[in-house]
Structures are given as C-alpha cells and as structure tokens.
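Undergrad: Join the two chains, each given in its own frame, into one complex according to the hints.
Line by line, the protein sequences are chains A and B.
Numbering-wise (the working numbering), the first sequence opens with residue -5 and increments by one.
Numbering-wise (the working numbering), the second sequence opens with residue 50 and increments by one.
One thing to keep in mind: the hints can contain errors.
[Unchecked claim] Derived CB-CB ranges, DEER-like:
id	chain 1	residue 1	chain 2	residue 2	range
1	B	GLU221	A	GLU584	40 to 46 Å
2	A	GLY373	B	SER185	47 to 53 Å
3	A	ALA771	B	ARG485	18 to 24 Å
4	A	GLU139	B	ALA285	33 to 39 Å
5	A	ALA771	B	SER447	37 to 43 Å
6	B	ALA285	A	THR714	58 to 64 Å
7	B	PRO236	A	MET34	32 to 38 Å
8	B	ARG62	A	VAL704	45 to 51 Å
9	A	GLU708	B	ASN189	37 to 43 Å
10	A	GLU755	B	PRO236	44 to 50 Å
11	A	GLY717	B	GLY501	54 to 60 Å
12	A	VAL125	B	PRO236	52 to 58 Å
Hints are computed from structural coordinates only; laboratory data are not their basis.
Bear in mind that the values here come from a model prediction, so they are computed numbers and not experimental data.
For every residue, glycine included, the Cβ atom is placed at its ideal position computed from N, Cα and C.
Here is how the chains run, residue by residue.
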Amino acid sequence: MTSLHERPAVGAVGEAIVHESAALHVTGAALYTDDLGVKMTGLLHAWPLQAGHAHARLTRLDTAPSLKVPGVVRVLTAADVPGLNDAGVKGDEPLLMGEDGPGEVMFHGQAVCWVLAESEDAARLGAEAIVAEYEALPSIVTLREAIDQESFQGSRPTLRRGDVAAGLAQAAHVFSGEFECGGQEHFYLETNAALAHIDESGQMFVQSSTQHPSETQEIVAHALGLPSHAVTVQCLRMGGGFGGKEMQPHGYAAIAALGATLTGRPVRLRLNRTQDLTLTGKRHPYLARWTAGFDDAGKLLALEAELYSDGGWSLDLSEPVMARTLCHIENAYFIPHVRVRGTVCRTNKTSQTAFRGFGGPQGMLIVEDLLSRCAPRLGLEAEELRRRNFYAPGQTTPYGQPVKDADRILTVWDTLLSSSDYAARQAEISTFNAAHPYRKRGLAVTPVKFGISFNFTSYNQAGALVHVYKDGSVLINHGGTEMGQGLHTKMLQVAATALGVPMSAVRLAPTRTDKVPNTSATAASSGADLNGGAVKDACGQIRGRLAAVAAGRLGVHPDDVRFEAGSVFALGHPETSLDFAKLVHHAYMERTQLWAAGFYRTPGLHWDREAMQGEPFKYFAYGASVSEVEVDGFSGAYRLRRVDILHDVGDSLSPLIDLGQIEGGFVQGAGWLTLEDLRWDVTDGPNRGRLATPSASTYKLPSFGEMPEVFNVELLERATETGVVYGSKAVGEPPLMLAISVREALRAAVMAFGPPGRSVELASPATPEAVFWALDAARNAMLAQAVAADD
Amino acid sequence: MNQIEITLNGQPRSISGVLPHTTLLGWLRSQGLTGSKEGCAEGECGACAVLLSKPTAEGGTRLESVNGCLLLLAGLHGQEVTTVEGIGVEGLGSPLALHPVQSELAVRGGSQCGYCTPGFVVSMAAEYYRPERQASQHSNGFELDAIHGNLCRCTGYRPIRDAAQALGQPAEGDRIAERLTRPAPLPRPTELITSSGHFHRPETLEDALHLLDQLPDARILAGGTDWGVDVNLKHARAAVTVAVEHLPELGRLEWTPEHLELGAGLSLSELERRLAGAVPLLHTWFPQFASRLIRNRATLGGNLGTASPIGDSPPVLLALGASVLLISSQGEREVPLDGYFTGYRQTVRRPGELIRAVRIPLPLAPVTGFYKIAKRPLDDISSVAVAFALSLEGGVVSGVKIGLGGVAATPIRAHETEAALVGQPWTQGTVQRAARLLKREGTPQDDHRASGAYRAAMLEQTLLKFYFEQTGAEVTA
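In isolation and in its complexed conformation, chain B is listed as follows (with noise of 0.2 Å):
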C-alpha cells in the first residue's frame, strides 16, 4: 500500500508520498493547514495541539487532545483528526463564526501575539467535550489540567483559564457534539512500504510478533511520546517502524485476586480513567506524568521500553513491586521490575519480545506516597522521583519498597534503605536513620536539571516528608 487515509476535519483524504518519519504537523502544515504551531517539536508546547478520535465505551467518540508533532501519520491510518481548523462554528475556520471555546478565548484577551492559541483551542475544545464534563453549583467542571501541557509566553495565563471556567455546555446542535454521538474510526492495519523505511501496523498480536521475530531491530511504536521526539530533534530514522498501541491484548486492565494487569499500550490517560484512584499511588502519580497531551499518547510499555533514568513511571510500578509481562513468538515471561533495569537505557528484553502488560500484586501496600522533584510542579522532567509502598503491623514496619528516579543509570530500589526500615518501629528515630541511609542512595550525579547534592539532600527529605504526611509528627535531617 501507498495510500495513508485519514479523516481530516470531517472529510476523508487519501494520502500518498508518507513516509515513516513524516509528522502529521509537517504534513498539516506542507497542505496549508497553518493553523497549526510547531513551537518546540518535542510535546512540551502544544502549540501544535490537534484533536483525535477515540471510541469511547458506550459506542460514541473522546476528542483527545494530542500534540500533532509527535504523531507519524502512518501511525494513522483509518482514523479520525480534527485541527483548529475545524474547530469553528461553520468548521471552515472563519473568525465570523466562532467556537464557544474561540470566543471565550478572544473576548478575555486570552491571545497576545496568537501563535499557542490554536493549540489552547484545541486543548480547551477536547475539554470542552469530555464526555465526563459535569458542572456543578460551582463550577463548570472545566479540569484545567487539560490546558497544563500547552505553554504560554505571554498572557501569563490568567486571561485563558477564565476563559475555560466561563465555557458552558455544547448547545443543542452542536455540530461536533453531534459527531460525537457516532463511533471513532479505529486504526487500521497499515503496510507503508517505502524507500525511507516500513511502517507496519500488524493486524494481530500474532502478526506483531511474526514481524518481530523477523526483524528484531524494528523500532516498537506505542504513543510515539518519546519517538517523535527522536524523530524531531535528533533525526532519527527506522528502517522498520512496528506500531502496536491497538493490539487488544495490550490494551487490557483485568484485576484479579492476585494481581492487577495493566495493558501496555492503554494510553496514560485511559488508565487513570479506568482505575478511577483505585491504586492510590498511581492515582497521585498520574497527574505529575507530564501533561494531559502526553498522557493521551503515553504508555507503560513505552515508559518501560525507553527504559530511561528518568521515567516518572519506574519509581512507582517498583515500589508496587511490578513485573512486567514479556511476549514474543516463543512465549510470555514475566520478570519483576526489580530486575528488569540493566543499564543505562538497557533492559533483560530481547529482540523480538514486546512488553504486553504490567503486573501489580495485590493487595497493595496501605501507605504511600510519590514525590517528583523537578523545577516546575507541572509539565517537567524529575530531577529525582520517589514512590514508597508501606505496610505496618503495630506500629512496626512489616514491609517496604521504595522506588527511586534520577540517581542512577536505571531507576533503582532503595534495597538497603528498605532494610533498615523493615521490622522497625515506624517512629523519627527510625526514619531519621534510615532517611540518612537513603541520603546515600544511588550515584547522583551534577547536570542542568539539578546539582548531585540537592539530589542526595532529596532522597533524604522526601522520606522525612512522606513520615510527616503519614503521622503529623516533625522529624529533622
């Protein structure tokens, strides 16, 4: 095949000339659709912000808002976008005919110079829609995380949040909310053969691993939240891109009496959906993963695949105690978390394997807490990361994991601080001890994001912190 086909603000395109690599921002923008940005070209911005279609349980469609410069178009083969362009009343882009959300925006002074406001509408717009939107006596159930992954030079913000809060209900006949009420096109099986690589979206997990049994460098695709980026800023090229975000048997959530199963390719965003804070941890976690337009795309299994230092989902999932499920055309393994790090960016994943799903035993530990450290609280990358799963027994503490980002080549376990803590009285004596031993954590090291000693001083405030949080009681270094 040559053709990718999307639907594209409503009406259906047959694409030819795609390659691997082609953005759906560079192709927007190569037709004439500049409405929308690239500001940074790497998901940080959203000034490049478009709406993509997703089924939604009952039968109807979810606008996602999704940054339109990490997605490859041949990752998109059978669905459905919507871009700024779309987005007016009469959906041709007319300023005489605005979208509740334009107006708001442009009546508050809510653009200066304009060049991230397309992606604010298209953020605001998604929000607009959620099907879960409610408002209540107070508010109109507006979530302003939806807007945190959109940046601003300069309005300060103030003007654009006020514009989300005063946004009503879609009225009757909305002409998107009606669209809504009919199902999301899925994505469909691709086979884009070209001079500058493959693309494939196989059609069975069978498939998948078929074509990774055969080519055991081909780069895995889930929500393409780091790809892109590779793809943007460092030029980087697959001779075989293998996308399996669709597979259905990566995009389960199964609790059992055991354990609870998380699909690897379930979007960031839909698994916080489905848990609903059913994992306290996780529930405290999602929000601090990056932004809403990155947790639309973003996955377990491509956190875990990247295996970077400083993925905000390692430090959690091992003090969960996870495993992650390994599949490939010989079978499925499941290796704990704990040992799955190697290396820098290394992992116990062969060629060929696909991580499948993550394994959290249960029960869960009943006390814990997430720290993310990083220079701004919203939309950065950790400086250092903290998670702690506790249980005590009579003021005794009977068991404990602590999951640590950004001190080491790999996420590590605090082994020898959860030591010192198991079978101790959970008092300040206790936790000043072992706040010291976990001071020493790890290799931190000097960069731009923090120096090596506020990372140390860290590892040893969060656990002073996370004492405070649980009892009250003051407990110095």
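Bound-form chain A, shown alone (with noise of 0.2 Å):
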C-alpha cells in the first residue's frame, strides 16, 4: 500500500483536462434544480410574504383573502410545521411565523410564511392578498449602533499568546487605528431553488442547490418532524455556491417539503434574485480597532484588537467564522504578543453567513491593511515590512500550530518578485507618475497564508461509495458537491488514477444523501482533500482484492501487481497484460466484492475554541501577487494593468481546474476589495434597514472590464504535500485573498498623489469614489505642504 500523497507514473490525476460538464455546460443541456420541475406535472410554485420592517411584531397574520386568489392552493405557517420550526441547527431561525408564534420579525424582507399555488404568479398575487400586520419595535442596523448598545450574540473568543502589555511596552513604536470594511453578497448566478415530491417509495425526496445535503436532509426533517432515513436531498450541480449555500439553502428545502407533504403535490421553490439578495445572509462586514507595537526594525512585536463582525439577525455560522478571522488574524507574519478578542453582532439583517475564505479574508485584510499605514509611519516601503515579518521555519501560529512549510513564504515572494519585474517596474511607475500630474499607478505586493481544514475538527471527514461493475465501468458517488469549483472532475481523476483505468471508465453519479450518508458541507476548500481521501480509499480496496485475484493468473505476490490505463500485469511485464474488464469479469467469478465503501478523516487535528489553542489545519495554502493599478485623479476610477501570481497547489490534482479556481477566486476577491457595495437603509425613515442594493442593476460584481488587462498565473513547482491525496493542497478559498494586493496597489498610486512618506486611509470596498477621496486628501496634504513650504 502506497501513502496517500504518492503518484503513480501513468495516471489521471495532474492532467489538465477540462470540467467534466463542460460539453454539458456550453450546450445548456447541464441541468439545474430549477430546470428540473418542468417535467413534473402538477408542481405547485411558492412565494413569500416579506415583511416590511427591520424589526417588529407581528400582530396579525390572515391568509384567508389568499385563498381566494386564483390558483392558490394552501399557505404555510408556523401552525402547519408538524416538527420543529427551524430552518437553521442554532434554534434562532424560525422558519415559519404564524399568530400563535412564532411572530418576530427581525429583518427587512423577512418570510413571514409561504404561498403555493398553480403558477408563480398566483402565488405572488396570493401572498399580496395576505393581511399583515406589524407593531414596529426598535431596531439596530449598523455595526457601530450595535456595539454601541452591545448588541451580540454567541461566544466571545479571544486569541492569546505572550503578554501584549509587555510587548507593547518594548515597542519602539506604537500605533493604533481603527478599520472597517464591507461584505459582500454571493451572486452564484443561479439562486437558491429546491424542488421536493414523495417518490414512489413514499420518502421525501428533495432536490437542492445544496452545498451540505446532509444537513438539508436533517433540517428538512427536523421541520416534518421525520427520521433522516425517511428523506433523501440529491445535488445534481449548483450554479455556484461559495458558501452561500452551506447554510442558506436548508430553509428553502424546508418549506418544498413541507408544501409537498401537506398537498401530495410536487412543490418548487426557486428565489428570484431579489428574494435571494434580501432573504439570504452574506460575507460578514467587519470593524476592528487595533494597536500594535513594532521594534526598530518594523518587526512586529504586538498586536491587540477588538473585532467585531456583523452577524445579522441570527448566529447561523458566524461563530466559527469569526474563529477563523481569529487564526488568521496574522496572516504570513509572525507576532510574538497577541490579544485578539472577537464579537459577533447581533443587527437587523440577513443573517451574515459562509463565504469564501470564511472570515479569513477579513482577519488577512486587517492585518495587511495595518502594515501598510504603519510602513510610511516606520519609515518603510510596505513590501519591506511584509517581509522583515515573515513566519520562518520552526515558528508557531498564536494559536500553538507549527507553521508547516513557513519557508515556502519566502520562496513565494522572491521568486514572484523575480517573475513579475517587480523592482524594475517600481522605477518605471515612478517616472511616469512623476510625469503624470493626473494618472498616477501604483503597484503593491501581499502574501496569503491560509489554513486547511474545517476549524471543527469533527467536520474534517468524508465518505465515498465506489462500485465497479462486472464489465468493467466503475460508477463512482462521495459526499462531495459541484458547485463548479471542479470537485467531480478532480474525484473522476482520483478514482481513475487509484483505480489504473482511463477516464473513460469511470462516471459520477449525484450527490445523494442515501448514497453516502453523515457528510460534511463541501466548504472550506476542503472538498477534493477528504472526498479525494475517501474515493481513494474505495479505490484501494477494490484494487486490492483484484490484486489478489490477478496475482494467482500472473504468478506474481499481490504488490507486484501494476493497475495501469486499464491494463493490469506483473511488475516489470508490460507484455503480460490483462484487461481490466477481463479481470474484473474473472473477479466477479471467484466472487469478489466489487464495491467498496470508503472513508477518510483527517489526521493530526484537534483544536479547543474556549482556548482558541489547538492544531486546527493539516497544513497551509501559500500564494502571493502582484497587482498594477492606474488611478484617475479626476474621478477615482481605476484599471487594473496587471497581475502576476504565484500559488500554492501542492501537486496540482487538475492543473486547469485549479488554474481557474485562482484566476476566479482573485477577481472575485477584487470585487469584493473595491466594487461590491452593500448598501442598507440606515435611517430612520419607513424604509429603515431594507436593503438599499437588492439587484443586479444596484449591486455590482465585477464584469469584464474589471479582469486585469495582463494576468499571469504560475502555480508554485515542488510542491509535494504529504498526507493529501496525490500530494495536492486544496485551492477553493486561498486565492481570494491574493486581491488584496489591488487594493494595496490603489493606496500606492494614492500615495503618488500626496506627499511622499504619507501614510494613506483607503475605505473598503475602495470603489471610485473611496479612493477619489482618499486621493483628494493627499493632493490637499501636498497643497498644504506647498503651502507650509511658501511660509
């Protein structure tokens, strides 16, 4: 037996080949879950009652003139839920309201109940009908309202290590500051949707845009007050999740049950992309306040913070979010004395929920946005301090983890300063800012630590389900979901490598609850790491009783048997192959077990969340990028010239797979630093807490003019990590925070406009307007020194 990181010499895995729907995805025949209810007939449509209030009481709920619209069928309330009226796993998410309570609304948009009926539109037309009514109650929309009358929710976790009142107290140089930044809503292009019917064996049966099935499955029947056996979610493929569909998509699961359940009839429930932006939660807006202490060489010697996150109405994840805002808090740097304590607000909004990087984002965002006013304070160049800062070998996390791997950091920055031109480029970016009075470029470079592993340990488990039919095809199923990251195109490779059979061999069936059960939500970018750990294990087992079999016809000891692009021979005879499907048919003669159930958890953690100490990641994922920025000093806006990148991948599963993951996770996290504005009404006029951007048309993500013009991505070579599957490391997440480095870039031709040596404030999202801002406080810092200068 192998170890798992090793690779055959011929195999799948580490060929570039495209996602395995591809075909699929370009002739609009991969199908979702809203396109699957057409073929059903006497599907019902559903359609909320949202209340219009931040926060109030509902004082009177009547459904009656609903029932009376055309095409209505039934409304859902809170009296019609035979089990328990939650949507979420806390207990602080009803699913449903009613007149005998449930009856508080505690967000601008919130689902008072449900409508079905025969089309969309009656159902529309039948929650219009539904008299509402409402006692206003006092509410809390921002984050600084909510700490102001300590508004939380949940545990208050506080990072340690060393003494931060000593450290500060070295401290040559001492600075505090305040930051906050934004969130940012998921727009996966295909909104929340589940579809639900009692099949013909009589369970309920529930297709969801899903990313955690299993616990769809236990929400779904915790609400019909039903054992898990006696539901099942299948996950054909999701129009994009990042982790906006972890949580979120349970209710909506819910309620297509529990519709089905009460009329016999099949019940769809697709969010329309207003419904979705004011009912579902989104990244977590932060606000810390810092002081942090460097000796005389910019090394850091302490930090100490007060974090606080926006956690909206409900806790939903935002506990362990905050957590792994905590553990990455430091990113690449090492700081001897640390306090960091960590609060979730309770506001009146969407409930503030996973999102790609899952609050590491904002803990790295913190940190680098820290290092880059305290440079021109130290007397720095930013780049300088990121790198007098850097973990080195042998070093530990604040929260007592060894920094595998910490010299890889290093080796990232220089050879990407190396390959993008870095130095030389700075000296050409100042002659032209220099001979620019109104476009000045700025050109920055950050570095991404990211830890890999679900914090919660028990999470950190996967199961898989392979079987190998008697002509040879393999089927093969894990707990994994596809939500376009690629994880069913890296499991075919996995299986096909583990398994020594062309791609060809293998399909993939959908992500069905009663296929591998208790699985994890794929998340944390974990996906590939422990299905990829579960299929192999299947695989291997399989492969070793063929062995057994193959060794009696080739007279060779098991170990010598060689499973290769669907022929198998002896060790060192090519020539006296056999056809896998020849064997597997021989196989099935001696009765071997062709199935195999397998199942992989990940080893070496543990982590203790009251003490925030612990070993919570397997290892960490590196990167670093360059970004080139132009600013327009009339109006703020900006380009994107260019941007290199260097990543760590490990041993890449699925080379243009993970290509695509950093160049879409880096625009995205681009989007999220300079464009993507969440806006909420913060007034006290009628429409206090709705939200402000609730469309396509309000709320803008990036489009094609916001790609860099030059974009070069290199993946880091030698990057073997032992201990995962085929040596890879996973990529979900970690590129995101590569963007940092545009929004550093923007501060650097911000910088250009004022006097040099001025340490620059950026808000976040640093739209054209925040840096226009920023920039005209510079050039008003320059007239004033001109000025001082005249006198």
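TA: Quick look at the structure:
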C-alpha cells in the first residue's frame, strides 16, 4: 500500500483536463435544480410574504384572502409545521411565523409565510392578498449601533499569546487605528432553489441547490418530524455556491418539503434575484480597533485588537467565521504577543454566513491594512515591512500550531518579485507618476497563508461509494457537491488513477444522501482533500481485491501487480497485460466484492475552541500576488493593468481546474475589495433596514472590464503536500485573498498623489468614490505642504 | 388572434395562451428549453441571452444577442429566435456536436458552474457571425464588447476572453452561416386580446396613432429594456401595450444640411453602425451605454420616453442641442430637449403622442466630451453623466452646451456654467471658475450609487478633465 500522497507514474491525476460537465455547460444541457420541475405534473410554486420592517412584532396574520386568489392552493404558516419550526441548527431561525407565534420579524424582508399556487404569478398575488399587521420595534442596523448598544450574540473568544502589555511596552513604535470593511453578496448566478416531492417509495425526495446535502436532509427531517432515513436530498450541481449555499438552502428545502407533504404535490421553490438578495446571508462586514507595536527594525512585537463582525439577525455560522478570522489575523507574519478578541454583533439584517474564505479574508485584510498604514510611519516600504515579519521555519501561530513549510512564504515571495519584474516596474512607475499629474500608477505585493481544514475538527471526514460493474465500468459517488469548482472532475481523476483505468471507464453519479450519509459541507476548500481521500480509500480496497485475483493469474505476489490505463500486469512485465474488464469478470466469477465504501478522516487535528488553541489545520496554502493599477485623479476610477500570481496548490490534481479557481477567486476577491458595495437604509425613515442594493443593477459584481488586462498565474513547483491525496493542496478559498494586492496597489497610487511618506487610509470597498476621497485628501496634504513651504 | 407564431431554432412554432407580459425566457423554460437561465431578470447578467434574427440591408440575416428575460413573447410574432439549444452543430444541443464557440469555451476552461455559460455562448455566437467581423493579421476581429453584458461569477473572465479571441471564421457549409444568407422574417402586425390585457403591434404609423388616440394610457413599447424590468421586478402589468419599434417612420436616419434626424425606434446598435463615427460625441457615448445585449434593443425613443434622470442619452443629446419630434393623430411638433423634461419621469409628451425621432442641429460643435461616472466602467448606471459640446473662435468660447444626468430630478443643462464660459478665453482661469460653478449646478443627492458630495465634486472634475484632455494643460480645482 502506497501512502496517500504518492502518485503512480501513469494516471489521470495531474492532467490538465476540462470540467467534466463542460460540454453540457456550453450546450445548455447541464441541468440545475430549477430546470427539473418543468417535467413534473401538478407542480406547485412557492412565494414568500416578506415583512417590510427591520424589527417588528407580527400582530395579525390573516391568510384567508390569499386562498380566494385564483390558483392559490395553500398558505404555509407556523401552525403547519409538524416538527421543529427552525431553518437552522442553532434554534434561532424560525422557519415560518404565525398568529400564535413565533411572530417577531428580525430583518427587513424576512419571510413570514409562504404561498403555494398553480403558477408563480398566482402565488405572488396570493402573498399580496395576505393581511399582515406589525407593531414596529426599535432596530439596530449598523455595526456601530450594535457595538454602542452591546447587541452581541454567541461566544466572544479571545486569541492569546505572550504578554501584549509587555510587548507594547518594549515596542519602539506603537500605533493605533480603526478599520471597517464591507460585506459581500455571493451572487451565485443560480439563486437558491429547491424541488420536493414524495417519491414512489413514499419518502420525501428533495432536490436542492445545496453545498451541504446532509444538513439540508437533517433540517427537512426535523421540520417534518421525520427520521433522516425518510428524507433523501440530492444535489445535481449548483450554479455557484461560494459558501452561500452552505447553510442558507436548508430552510427553502424545508418549505418545499413541507408544501409537498401537505398537498401531496411536487413543490418548486426558487428565489428570484431580489428575494435571494433580501433573504439570504452574505459575507460578514467587520470593524476592527487595533494597537500594534513594532521594534526599530520594523518587526511586529505585539498586536492587540477588538474585532466586531456584523452577524445579522441570527447566529448561523458567525461563530466559526469569527474563529477563522482570529486564526488568520496574523496572515503570514509572526507576532510574539497577541491578544485579539472577537465579537459577533446582532443586527436587524440578513443572517450573515459563510463566504469563500469564511472570515479568513477579513482577518488578513485587517493586518495587511495595518501594515500598509504603519509602513510609512516606520519609514519603510510596505513590501519591505511585510518581508521583515514573515514566519520563519520553526515558529508557531498565536493559536499554537507550527507553521508547516513556513519557508515557502519567502520562496513564493522572492520568486514572484523576480518573475513579475517588480523592482524595475516600480522604477518605471515612479517615472510615469512624475510625468502625469492626473494619472498615477501603483504597484503592490501581498502574501497569503491560509489554513486548510475545517476549524471544527469533526467536519474533517468524508465518505465515498465506488462500484465496479462486471463489464469493468466504474461508478463513483462521494459526499461532496459540485458548484463549479471542479470537485467532480478531480474525483473522476482520483478514481481513474487509483484503479488504473482510463477516465472514460469512470462515471460519477449525483450527490445524494442515500448513497453517502453524514457528509460534511463542501466548504473550507476541503472538498478534494476529504472526498479524494475517501474515493481513493474505496478504490484502494477494490484494487487490493483485484490484485489478489490478478496475482493468481499472473503468478506474482499481489504487491507486484500494476494497474495502468485499463491494463493489469506484473511489475516489470507489461507484456503479461490483462485487460481490466477481463480481470473484473474473473473476479466476479470468483465471488469477489467489487464495490467499496471509502472513508477518510484528516489525521492529526485538534482544536480547543474555548482556549482558541490547538492544531486545527492539516497544512497551510501559500501564495502571493503583485498588482498594478492606474488611478484617474479626476474621478478615482481605476484600471487593473497587470496581475502576477504565484500560488501553492501542492502537486495539482487538475491544473486547468486549479488555474480557474485561482483566477476566479482573485477576481471575486477584487470585487469584494474594490467594487461590491452592499448598502442598507440606515436612516430613521420608513424603509429603515431595507437593502438598498437588492438587484444586479444596484449591486455591481466584476464584469469583463474588471478582469486584469494582463493576468499571469503560475503554480508553485515541487510543492508536494505529504499527507494529502496525491500530494495536492486545497485551492477553493486561498486565492480570494490574493486580491488584497489590488487594494494595496490602489493605496500606492493614491500615495503618489500626496507627499512622500504620508500614510494613506482607504475605505473598503475601495470604490472609485472611496479612491477619489483618499486621493483628494492626499492632494490636499500636498498643497498644504507646498503652502507651508512657501511660508 | 390568439396565436403567436415564431420560428424557434429553425422550426415554426404556433403558441397559444400567450399573455401580454409573458416573457420569451419564461415561455422557453416552460417548454423544457432550460438552457437559457434567469440570473437577474433585468438585463444585467445575460444568462438568458438568445439570438434574434434581424434583416440586413443586403437581404440577409444578422443575429443579434438579446436578453430573453426582457423580450415579450407577444412582441416577437413573426420573428425568428435561436436559443443555446439551437447553436450546436447538429442544432440539437448535443454535447457530442459542439459549435466552434462552444468547443473553444469548453476546452479553455471557460465554464465552471456553467450557469452563465449558455448566455456567453449565445453572445459569442452573435459576434462570431457578425457580418462586419473581419480577421486581421493580429486579431480574429472579435469585439469583446459583444460579451460585456454577460456576467460570470466563477472564472474571472480570462478563459472566456481567450476563447473569444481564438475563434476562427465559420467553415464552408456552416449551417448557421448558410442560413444567414437568406432574409430574416420581420415582426408581423399583432393584435392579442386576453383577459390579462391587450398587445398590439399596429401595421402602420397611422394605425398606431389611431390606437394611441383611443387608448391614451397604453404602454408604448419599443425595445422593452425598461418595460421588461418593470414587468419582471415590479410585476407591472399594462392593460394595453402598443409596440412601435418596427414602424418605418421611426426607423429612419436622415442627414439634411440643417440637421441629423435619428429615428426613435432604431436600436442603439443600429444607430452606432449606421452613424459609423459621424457624430463623435455619440461615438464616444455608445459603448458606455449599458451593454451590447441592451443596445441591440434599446432605442432613443425609449430612453427619452421613460425620462429617467439617470438615462444616459439625455446628457449627450442636451449637449448636442437636440430636439424631440412628437407625433400624434393631430400632427407633429418639435420640442427642444432642454424643455422636454418637466419633473421626475415627467415630460411635455401628451397622451396619444409618440416620439418619432430625435433631431440634432448641424453643424456639430467641434469639441466634445462625454464622462460617465459609475462604480463599474462597463455596463453600469451613471452616478453622474456629463456631456460637453464646445465651439471656439480665436481661443474664445463661442458656444457651449453642457448636459448633466444624475444631479437633479431630470436631466438638465448647466446653463449657469455655460453662460460663464461663453465669450471667455478658453484658459485655465476660465475653466477653474466655470468648474466651481458647475459643481453647484443641480441638486445632487446621496444614494447607494454615490454621495451627493461626490456627485458635485465630479461635476467640477469632469470640466477640469475635459479641459486637460483637450489642451494638455494642468488645472487644479
């Protein structure tokens, strides 16, 4: 038996192949949850009644007028829920409201009840006909309001190491600051959707666009008062997830399932874009207040900070998101003395949730912002300050985990500075800036160190089911879901490699809870690590049995049987080759078990979430990026001229897929940091708490124009990650944080409008307006300096 | 009549049960043609894109990519539509028979989750077959502008760009190219009477004006890029809809010695093609108006008819000194655009009147500039839009018109600033003073797009920028 990371000489892993559904995508033949209902007869459509208050008590709910609307079949309220009336796992998210409670509206747009009708139009008109009355209650809409009123939820963990007071006392330079960053809407192109019916065996069958089918199943079951074995959840594929479908889909699946149970008819629930934006959670906005101490050489000695996240109306995943923020507050930098406390605020907004990076990006953004603001005050270039503080081999994180492969930080950094021609371009940019009064360019480099594994240790397990049929064809099933990230493609490659068959011999069946139970969310970038481990385990079991059969026929020891590209032969004797399908047939005739359940649990993890100490991560993913921007001094508008990335994906399982994850994650991160701007009505007017950007025309995500004009992405070479399937590393989330260099390049360009050595503060997101105000302040400082010099 | 007839993926379809607000996308999906997706229902994401066949001057067909979510099925009576399912080599949507556009996207990693992909395929196919597309030594002639109205959340666009730039020319015997040598069917007169409202496409202008006379509250429909959004997002329903963009009187582009007349029913794409840069200010402006998907449908008549304070055409048309030709059964009148807007989405257009054309006086002012301030340079709505049209004589400003959008309840002219410029030398001092005045024009407000302070600052800055771009001379606020 070889170890997990070793690759055979021949095999499908590592080949740059296209997404397994690419041909289906481009022809429009790929099916998504809401494409399936068309073929059903008697389909009902669901539409919510959304409350128009940020915080209110429901005082009256009369659904009778709705039932008079032609086409309306039923209205679902709290009284209809046979089981637990909750859409989540924390017991703080009522699924439905009713006259007899629960009746507290916690955010503007919250669904009070749902109407089922023969058409979407009829359901909508039915919802309009419902009489609902509310008594408005005081609301908390902004993070600052929540802090002032101490509106907090969940635990308030503190990350500690050393003695911060002593560290600050020793420091030659101590700076304090505040930083606030905005949230982000997932804007998966496919909105949340569920389709439920009672199948021919009498069980509840729910198709859901979910990253966590097992949890969707659990919540459907608890809402219906059924055991889990009476509910099956399937996810064919998602039109994007990005964390937004880790927790959020459950309630919608439960509504559809409840409707199907009560009417005996299939129920389709698909949020339109407005509903998805106003109902579902987003990335957490953060506010940080920090004090940092540096020695004379610019080395960080101490960091003390209070972090506040805006969790919205319920806890959802806000606690683990905050834990990951605390575990990434130091990014790639060694800080001997640390005390950082995290607090989740409760506000009357959507319940903020997982989003690619899961709080890590906010933590890393805080420290990168801090370094760029402090660098001029320390008389250092920002990239030099960063370099001086990188982790060195042998050091540990503030939560006590040794930084595995810490030397890669500097390797990546130096290789990238050289390949991107950083120093020469910096000089060119200085020349350009001196010659252009209204256009300034900026260049910046930032690092990424991102911990891989779920912080919550129990989630680091996965299962798979692999069948080999008598004809030698292979069917695999695993617990991960496909949302575009290419997980299924990688799993096909893993299975083909592990069994030594061509890719064409392997087919992958949709993710279903009745095939692989008790799965973890496809999240935390862990999909390929965990499910790959499980698929390989299952394939290894089958291969071991086949090797025994082959050994008999080839007259060698089973350890010396080789499986390659559909041929089976004795080591050193490819001419002895047996066809894989023939071997399988023989094995069947000899009564050999040709299927296996695989399992994987990440070894070596432990985490104490009270003490915020342990080794929660299997390893770290590293990367760095260099961004160059040009800012227009008249408007603050900018162009992303060039981006160079060097990223560590271990030995890539699938280079084309990984390249796509890096590029796509980067652009999504750049969107968060520069463009995507969630605005809520924070006035005391009648629409207080309403999302002011509830559409694609008001919430702008990156379009073609935001793509870097030159985009060079390289994968780190010789990067085998031992202990992970075929030596690979996770890639889903880490590249998002590479985009911090775009923000820092904007800051560098803004600095060029002002006097040298002036510290620049930049709002996040750095929209053209935010950049304009920053450069306006820089220009004014320049003028003030000129005036002072004249005096 | 109660049947709408269209040609769909080459096959004639006769459709019953169509309502005036039934969208093409909704109907396609109800028929199991689920390749077209709804991503936003307001023409922002392009996941619903389909190809509409339009006639060319040479008697062939041009494929235009349009948002299926904004097209009303009733408005398509007589026309030809191709969806992603009709693009494959066999026209069957078979994964085994990929069209070059599909295979380039697939092999380059142009799809991840795949949800936006059909829309990209459609927009790329329109550009692939664009009659004017010509390869050169350095380029395949693919204008990326064609796919700027499609959003992708997964890829970051680079592989999609590479796929577009790798496309060759249609092969000999290409099924779709062959089809394009034959004419496109035209919209046919329509009279759809349902319990949910009526939809008319009158045969002649006279019929249209007669209808509007009788039904002054009728919803006039041109490209539908605004009405479609209201139908989808605000669930607006009209008792009577009257489609007019096909009327020949609204489709003319005429030059006379005194003026240029632009038909109110011409799509912006068609205007852009036919003007071919002859009006530099419009040439600068076209690419900044929404996206190709929208410009293939949007009209000047629609943009002026909805009278949004952030519509993008009024600032340029105000700067060009344009007027609006309003026609009714009582005759036609010409209204200067400067006096056309009377309040928030209010105009002097009377019930029963139709915008027939926009008239731009000649000669054109020689020095022009258009500045759109938005969060995103492509496919975004203006926070502020400013257009300048300036004439100079001997270094002195002899005439200037400045059109503003986004800073008042209506688009406005910056009269005070204009007055401060006329007769003054075109110098830094003049511009500095005028820019300060411009900053105070209008009543800019705070909203989710921008703060009022930023809007005001942008008024000042755009004049400084215009001056800098024209003269190369530095000027500070």
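Undergrad: Taking the hints in turn, state whether each one holds.
TA: Going through the hints against the structure:
no. : hint                            : result
1   : B:GLU221 - A:GLU584: 40 to 46 Å : 57 Å, violated
2   : A:GLY373 - B:SER185: 47 to 53 Å : 52 Å, holds
3   : A:ALA771 - B:ARG485: 18 to 24 Å : 20 Å, holds
4   : A:GLU139 - B:ALA285: 33 to 39 Å : 36 Å, holds
5   : A:ALA771 - B:SER447: 37 to 43 Å : 38 Å, holds
6   : B:ALA285 - A:THR714: 58 to 64 Å : 60 Å, holds
7   : B:PRO236 - A:MET34: 32 to 38 Å  : 35 Å, holds
8   : B:ARG62 - A:VAL704: 45 to 51 Å  : 47 Å, holds
9   : A:GLU708 - B:ASN189: 37 to 43 Å : 27 Å, violated
10  : A:GLU755 - B:PRO236: 44 to 50 Å : 56 Å, violated
11  : A:GLY717 - B:GLY501: 54 to 60 Å : 57 Å, holds
12  : A:VAL125 - B:PRO236: 52 to 58 Å : 44 Å, violated
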